[in-house]
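Visitor: Chain A is fixed; fit chain B onto it per the hints.
Residue numbers (the numbering used here), protein chains in the order written: chain A, 1 to 97; chain B, 1 to 485.
Derived by calculation from the structure, the hints in this document are not laboratory data. Incorrect hints may have been included.
Claimed, not checked - Chain B side only, calculated, beta carbon under 10 Å to chain A, not exhaustive:
| hint | residue |
| --- | --- |
| 1 | Phe96 |
| 2 | Leu320 |
| 3 | Met359 |
| 4 | Leu432 |
Glycine included, every Cβ here is placed at the ideal spot set by N, Cα and C.
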Amino acid sequence: MAVDIKTVERIATLSKLEFSETEKQEITVDMNRMLDFVAQLSTADTEGVKPLIYMLEEEAELRKDEVIGSITQQDALKNAPEKDSDFIKVPKVINKD
Amino acid sequence: MKGFTSLKNIQKDLQSYTVTCVELVEHYLDRIKDQKDINAFVETFDVSASAQAVLVDAKIKEGKAGVLAGLIISIKDNICYEGHKLSASSKMLEGFESLYSSTVVERLLKEDAIIIGRTNCDEFAMGSSNETSFYGPVKNPLDKNKVAGGSSGGAAASVAADLCMAALGSDTGGSIRQPASFTGTVGLKPTYGRVSRHGLIAFGSSFDQIGTFTKNVDDAALITEVIAGKDEFDSTVSRKEVEPYFEEIDSQKDKKQRIAYFDCYVNHKAIDPEVRKRTIEIIEKLRLEGHQVDEVKFDYLDQIVPTYYVLTTAEASSNLARYDGIHFGYRSTNATDLESTYVKSRSEGFGREVKRRIMLGTYVLSAGYYDAYYTKAQKVRRLVRDCTNEVFENYDFIISPTSPHTAFDLNAQKDDQIKMYLEDIYTVQANLAGIPAISLPLGIGSDKMPFGIQLMTSAFNEKKLLSFSKQVVNKFALTSELEKA
Numbered sequence: 001m002a003v004d005i006k007t008v009e010r011i012a013t014l015s016k017l018e019f020s021e022t023e024k025q026e027i028t029v030d031m032n033r034m035l036d037f038v039a040q041l042s043t044a045d046t047e048g049v050k051p052l053i054y055m056l057e058e059e060a061e062l063r064k065d066e067v068i069g070s071i072t073q074q075d076a077l078k079n080a081p082e083k084d085s086d087f088i089k090v091p092k093v094i095n096k097d
Numbered sequence: 001m002k003g004f005t006s007l008k009n010i011q012k013d014l015q016s017y018t019v020t021c022v023e024l025v026e027h028y029l030d031r032i033k034d035q036k037d038i039n040a041f042v043e044t045f046d047v048s049a050s051a052q053a054v055l056v057d058a059k060i061k062e063g064k065a066g067v068l069a070g071l072i073i074s075i076k077d078n079i080c081y082e083g084h085k086l087s088a089s090s091k092m093l094e095g096f097e098s099l100y101s102s103t104v105v106e107r108l109l110k111e112d113a114i115i116i117g118r119t120n121c122d123e124f125a126m127g128s129s130n131e132t133s134f135y136g137p138v139k140n141p142l143d144k145n146k147v148a149g150g151s152s153g154g155a156a157a158s159v160a161a162d163l164c165m166a167a168l169g170s171d172t173g174g175s176i177r178q179p180a181s182f183t184g185t186v187g188l189k190p191t192y193g194r195v196s197r198h199g200l201i202a203f204g205s206s207f208d209q210i211g212t213f214t215k216n217v218d219d220a221a222l223i224t225e226v227i228a229g230k231d232e233f234d235s236t237v238s239r240k241e242v243e244p245y246f247e248e249i250d251s252q253k254d255k256k257q258r259i260a261y262f263d264c265y266v267n268h269k270a271i272d273p274e275v276r277k278r279t280i281e282i283i284e285k286l287r288l289e290g291h292q293v294d295e296v297k298f299d300y301l302d303q304i305v306p307t308y309y310v311l312t313t314a315e316a317s318s319n320l321a322r323y324d325g326i327h328f329g330y331r332s333t334n335a336t337d338l339e340s341t342y343v344k345s346r347s348e349g350f351g352r353e354v355k356r357r358i359m360l361g362t363y364v365l366s367a368g369y370y371d372a373y374y375t376k377a378q379k380v381r382r383l384v385r386d387c388t389n390e391v392f393e394n395y396d397f398i399i400s401p402t403s404p405h406t407a408f409d410l411n412a413q414k415d416d417q418i419k420m421y422l423e424d425i426y427t428v429q430a431n432l433a434g435i436p437a438i439s440l441p442l443g444i445g446s447d448k449m450p451f452g453i454q455l456m457t458s459a460f461n462e463k464k465l466l467s468f469s470k471q472v473v474n475k476f477a478l479t480s481e482l483e484k485a
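One chain only, chain A, in its complex shape:
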């Protein structure tokens, strides 16, 4: 198997996700099935082919570098799950002791 529980745990850490032991088993099976499925990619001959990254052929147009402002502080706070009158609140990052 390409993906084992250890790999799932490593990818979960990178994804900022956590899974219960049962979920880990399930997702290991899922990921292996999906990787088997996408393995068909290797049958295409891509020798000398450049990866396609940008879909639009036109060159991007740069806008003028002008200060136009965006949203107010109150608006920025509007959808924050925890906040006070001025700031978004987060749990303590550094513990003193």
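Guide: Showing chain B alone in chain A's frame:
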């Protein structure tokens, strides 16, 4: 109130004051309430829709109404509308209210369309049956034991059940066309870069495109013309002039087209014999009409869906990194520190399919696998795009079924993800190549459920696509065939 079949016939009644926008809004809100069991809408915008209706009625009286006056339209729950909630049908964004409107919404409102509500979809548009939604599945209005398709299932159902005149959805790998096929509606995915994605919740940014569900091709042309075009808020949108899709909807009338089809699509092992039979029948009829229809080789059948899944999950894992439980959206109450705020909020806020895709996407982007999966898929994408474009050097259109079968039963495919991914077998090519594609309601199965025929054309050829689509629907829609018989 009578049912309306096109925007133009609503506008005729509005101009003669036989009906008002206020009455239309009331009528559709009532219908939505009556048909709540379909679960097409997450929320209706009663207050803003009614207020907009009063405004548009006044404009009609003054003779100043926009081209979409009287259009009652729904938007998918991943399209921003200032001061209104949207959630991508995820627990992660429950209660989130948009601070701004997407470009498409701005343009609809400017032309006096009325936005009636937001429609249910697969969570973060990830799914092909609308069963991954936090708000539960959408039922197919034509048979409530069946799915409406996905991910824009609510959008499709809202039009099919006549809960509004048209809907905006988004299509990353078939999310407009497959539900259109399942519900007997017209579903258009424009060229990548034709319509601004500003204000669309991102899933796969190099694939996502906003498009329409309508009851007829004319309305698709009219609405697409309004929402398309350059936009300073989206650097991936084209600056090419938008052609007059609606006014020149008859530009292809009586013109003979060169049409290609792929044997590996029409004779795919997963295709329902009825869908195959009808596709071949339409190919034959097109030939009888004098069009040139040829079988053409396509070498990447086995690679298109894998390419699509590697690239979209990679893009999704990156796009969905912004949901951290801090700035907006769901925050876990079980967290004890910053790290666990991220991890627990994401793990509790995202549903199973979304987590599955974030995991695969992170895997294919991780050190050691990046070249084997991600870069490889980008290379195959170039091959698919180039070989698709080569077909268009000799042909105007590619014809195929939209989906291998009619709508399936609710819960039937929920646990078989690979089977679910193969739902997109005919639709992902257009997203990989960035070309426009439309699903036209031309088939009915013995289960009495509709299915669509898909037309694809080269990039930025929406005008030709829409015009030819109208010809095809006029000639081959089953009702018009019955009328002729």
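Visitor: Against each hint, give a clear statement of whether it holds in the structure.
Guide: Okay, the hints, checked on the actual structure:
1. Satisfaction of the interface hint for Phe96(B) is found here, the shortest Cβ-Cβ separation to chain A being roughly 5 Å, below the 10 Å cut-off.
2. The beta carbon of Leu320(B) is positioned within 10 Å of a beta carbon in chain A (closest approach about 9 Å), and the interface hint is therefore held.
3. Look at Met359(B): its Cβ gets to within about 5 Å of chain A, closer than 10 Å, so that hint holds up.
4. This hint holds: Leu432(B) has a C-beta 9 Å from the nearest C-beta of chain A, less than the 10 Å allowed.
Checked against the numbered hints above, the structure breaks none of them.
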